[in-house]
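> Using the sequences plus the hints, can you model the full thing?
Those protein sequence lines, which keep their order, are chains C and H. For the first sequence, the numbering used here gives the first residue as 1, with consecutive numbering after it. For the second sequence, the numbering used here gives the first residue as 1, with consecutive numbering after it.
The following label-pair restraints were derived from C-beta to C-beta distances:
| # | chain 1 | residue 1 | chain 2 | residue 2 | range |
| --- | --- | --- | --- | --- | --- |
| 1 | C | V645 | H | E181 | 33 to 41 Å |
| 2 | C | R616 | H | E181 | 50 to 58 Å |
| 3 | H | R68 | C | G265 | 35 to 43 Å |
| 4 | C | Q27 | H | T147 | 51 to 59 Å |
| 5 | H | R179 | C | R574 | 36 to 44 Å |
| 6 | C | P111 | H | V23 | 39 to 47 Å |
| 7 | H | R179 | C | A446 | 45 to 53 Å |
| 8 | H | R179 | C | R438 | 26 to 34 Å |
| 9 | C | Q301 | H | R97 | 40 to 48 Å |
If you are wondering where the hints come from, they were derived from the structure by calculation, not from laboratory data. Yeah, the Cβ is synthetic: ideal placement off N, Cα and C, and Gly gets one too.
Given next are the chains, with one letter for each unit.
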Amino acid sequence: MASDDKPHAERFPFGIVGAGLGVVTRQLPPDEPPPLAPNADLAVIGRPVPRQNGRAKVTGATRFTVDISLPGMLHGRILRSPLAHAEIHGIDVTAAARHPGTRAVLVVARPDELTGATLRYVGAPVAAVAAVSMVAAAEALRLIRVDYQSLPFVADMDEARNATAPPVFDAASAPAGYASGFPARLNLPLDGNVRGPATDGRGDTAEGFAEADLVVEGEYRTQVQTHCCLEPHAIVADWRADGLTVYMSTQFTAGVRHELAEAFGLPLDRVRVIVDGMGGGFGSKSTLGSYGRIAVALSRQAQAPVRLVLDRQEEQMDSGNRPATWQRLRIGAKRDGSLTAISLVSYGTAGVALGAGVGNVAQALYACPNFAAAQYDVFTNASPGCAMRAPGNAPGAFGLEQAIDELAERLQLDPLTLRDHIDPSPVRREERRIGAERIGWRRRHAPGADPGPIKRGMGVAQSLWGANVQTNSACEVRVMRDGSVEVLSSVQDIGTGIGTVLAQTVAEVLGLHSEAITVRIGDTEFPAGPPSYGSRTTASITPPARAAAWRVLRPLFREAALALNAAAEDMAVRDGRILVRGDSGRSIDFRDAAARLRTDRISAVASRSDDYGGFRWRMADAAQARQDLGGVQFAAVAVDTETGVIRVERVVAVQDCGRPMNPLLIESQVQGGVLMGLSYALFEERILDRHTGRMVNPNLEQYKLAGACDTPAIDVVVLENYQANSATDAYGIAEPANIATAPAIANAVYNAIGLRLRALPMTPAAVLAALGKFPARS
Amino acid sequence: MINAVSALTGRAEAPDSAAPPSVGPDPLAIAMTVNGAARSLQVEPRMTLAEALRGPLGLTGTKIACNRGACSACTVWLDGVPICSCTVLAVEIGTRRVTTIEGLARGDALHPVQAAFIAHDALQCGFCTPGMVMSCAALVERQPDLTADDVRAAISGHYCRCGTYPHVVAATLAAARTRKE
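Structure representation (structure tokens):
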């Protein structure tokens, strides 16, 4: 074994298993565990281990935030703006404060503060109450008198782009950048309601289009999608003299702790954030949010714990959403398919927030020397959008991947052949090969070739996503004298099963079963873990878990070596025993080695080291690996040309996430990504009444979601793709699995009926309109 | 009106001879059989069964997600039949037996559907899971021979935003096979 205290060269597995797995030599930083073999040679990592908290979830024992009840707990409720744009001239809360049961009243939009007196969307928080029951809180809210002056507003993006449209903001009041928790470029000009452009470019697109033998051009539209987490946004805030404890349904305990400390002027060590069961976030529970601030302020005022849970209408109206987009793509190509130029113009609206771009698929998915993009945000009087599963790239791929499909047809090339020519990724090449075989791509016929009213078709689309890493991620592993083991981090399980993956990681190092590892996560009392967004959790927290386990094993190796009369560096682990390498007759039970420890408990804390091959970029706590995450999805559909109903019959999803840590959990997540994409493609749409700015379907029956009967057969294939970058070489999967579904379905619909649907959702009405059987929606 | 509830379980109610008593808005004492145990509680007439279970009865395994019968997260059994507990008032329950997710296992022995949900990873965030399990368990109880379409129909009113439907179908079919053996 090489010395650990200085960097040294090590040989790592590198490449795709089954398609050229090789070896690469990298400098291993000091105190990092040795290279990890491919999954085939491991005992626990890479195995389909059932999730540890499964039993608690199927018996109803899991405690979600909405299930928390503290002694003396009050119930908070928010009064929300009924108007899309209004100025508040006065608020009278006297009667609400006097209502029996009221314990605290908070004015959120203060008329005496210039910036807080204007409400810009229906549902914007105006005031809040904490009372002894939910009913009492609702009653008290009704006693608040607000003097609103209604202002002109605009709820529709196209109207908002007109120079004559009522301005949502002026230069002074407009959000500058990270307003919705999703990054938007800073310091862009604002003209009316249009902010931008954010530009990207390389080469010269004018020259590129001049060189092109062929140019395809199209406009694509995507709708607003809401997150629809089954567990509503929820918080229980408990403000006490000695510190603040917050139970919150959050994707980022450590981040919320930072936000709370800053918002309420508390030191970090006086703020604790806890989440056990977490009922879905998909981007919408990334930050503290206005409701979080309100609950804490109410608790501080009332000197009692306050529970604040949004109801379903509030969820739909004001808990974030995926912005609507419009994009125009032009792609120029030579006869052989080589791309000569891509130009992209996009307008998107996240309501009163920013971050409505269409991502980086057009920039980065295909080789093209000349590229130009101009992306604009359009302010509207609508609730703030935020990140939602693959923000930007999901709507972006809906446009780009249809444009590439169209280009292939114009060039008389198979869409896979064209992609083999212009996509430089060896990973996606292999994914296309596997997927084509699985779906039976060679049976794909010409567009609209089926004779009857039910027309079938196949389509393909690709995905691109950054391999994100949070460097501010730490994990502790403890071994007790009885041999019991704990893994601890503030990282939260939002449904991915990260706790189980941590147990597998530690178990692999210690030679134990994963069930033997006690997982303690979702609490900022533990070392700070990463957020569960940006598909970065596994990439960020499994390497420090392995490093911590490896470091805590060394004192055990020393004890075992003493007991076995061997050298510590010759120790190895297997099946619950510590043994002498090459002499398995000499071994000691893991528990017996632990019993020899000098103290009751030993512990090691490790943090995420930089990728061994270096990062592509790094900014504060966030970084991105040099390689991308990808994925290729194939869809088979049947379109009923008499009813306009599209049925997705089958999806083949071939994805990659570095080292797959647990194929069972990954399969679940990929199926979830596909279904969210299918639902986006066919059903979902937030509908605002443009005359009032109100959402007309703020529920779960008129806001349509895909259900069990809409679910196709979904084949999931996951590549093993080693890049020698960390102690586990594992990356995320949630977002890459959500990007390609909608365009794959759209391309399959084109293949079925020979007509291209360029707007989402692809409803029966849209299909019939395309077929000329139904008037198009104005 | 506390007696006009006959359609709930598809069973006829005993005809009420007298005019219905006027109750509320103050809480009243009612009794209920939940998971085989007789429970007494105070409820306002407007309190739903879901709220009564989660509040005074402390059975928070039953989840409220839409609170209007659109998502089925709050599914419990009433006399063995799955219903949305957010659309039933607590005062309507009377003598009918309520079974919640907490009452499905027999001690430490999980219901076959619960065990299969774990083995097949038929859950992610787990918020829709209690309701989903109750519908699938009821299906397995009433119909030993199942097809995938039977399962899909039984859960067609359940929303799962994590997209667990394929694993839910696989798990329920596996549980039905276990049950037959």
